[in-house]
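Please model the complete structure; the sequences and the hints are all you need to start from.
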Amino acid sequence: KQEVTQIPAALSVPEGENLVLNCSFTDSAIYNLQWFRQDPGKGLTSLLLIQSSQREQTSGRLNASLDKSSGRSTLYIAASQPGDSATYLCAVRPGGSRLTFGEGTQLTVNP
Amino acid sequence: EAGVAQSPRYKIIEKRQSVAFWCNPISGHATLYWYQQILGQGPKLLIQFQNNGVVDDSQLPKDRFSAERLKGVDSTLKIQPAKLEDSAVYLCASSSPARYAGEQYFGPGTRLTVT
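One line per chain: the protein sequences are F and C, in this order. Counting from 1, position 52 in the first sequence corresponds to residue 52 in this note's numbering; the numbering is continuous, with no gaps. Counting from 1, position 85 in the second sequence corresponds to residue 85 in this note's numbering; the numbering is continuous, with no gaps.
Hints in this document: simulated from the structure, not taken from any laboratory. By construction, the Cβ of each residue, glycine as well, lies at the ideal position given by its N, Cα and C atoms.
List of simulated lysine-lysine pairs, DSSO-like, C-alpha gap at most 27 Å:
| hint | chain 1 | residue 1 | chain 2 | residue 2 |
| --- | --- | --- | --- | --- |
| 1 | C | Lys44 | F | Lys42 |
| 2 | C | Lys11 | F | Lys42 |
| 3 | C | Lys11 | C | Lys62 |
Rough simulated footprint, nothing fancy, chain F against chain C, three-plus residues with beta-carbon under 8 Å:
| hint | segment |
| --- | --- |
| 4 | 34 to 48 |
| 5 | 102 to 115 |
Next comes the structure, spelled out in structure tokens:
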């Protein structure tokens, strides 16, 4: 059974810092991995999707890496801003369509 | 393109009552998902439809939850009777195999409170 763990559960940083969010999964047989952002009371917004054959994806100040053999992914946020404050969720997809989510990292960026 | 639409956004009911949620996926998306997200946890898949057929409902509590997707477009999720532990956000998502890696797009969710 696939299990996804995200560390840390919560993170508070001053504005401008570069930061890394971690995601680990127990079964390396995945099709892809997605990082989502969730604002309070809102749905999920897809940030980055990494195919199993890829090592990383970049979008603006965000960079996600994938090491499938070790069951790890990281989300790097450069020059953090208060608007980045949200919960970040990692989800892996095996051969089917079902996503298995971690419990998220709650990020607070202080002005 | 318009996103995934859900209604209502909020619902408060008493235990043992029934409730229904509605979802309209992105136009052309054949696959539709219902997730349950309990406070402080990641979403958990309840049911997945491909067009109007069920692909995966292994985590749906079938004694009280039901879902349908008539005509392969809109979907409704029903809970009858509701329990206190059903308090959660119910998220609908859709995807298309034709789009990048079957990426899933989520609606804003319906927050259910059972008292």
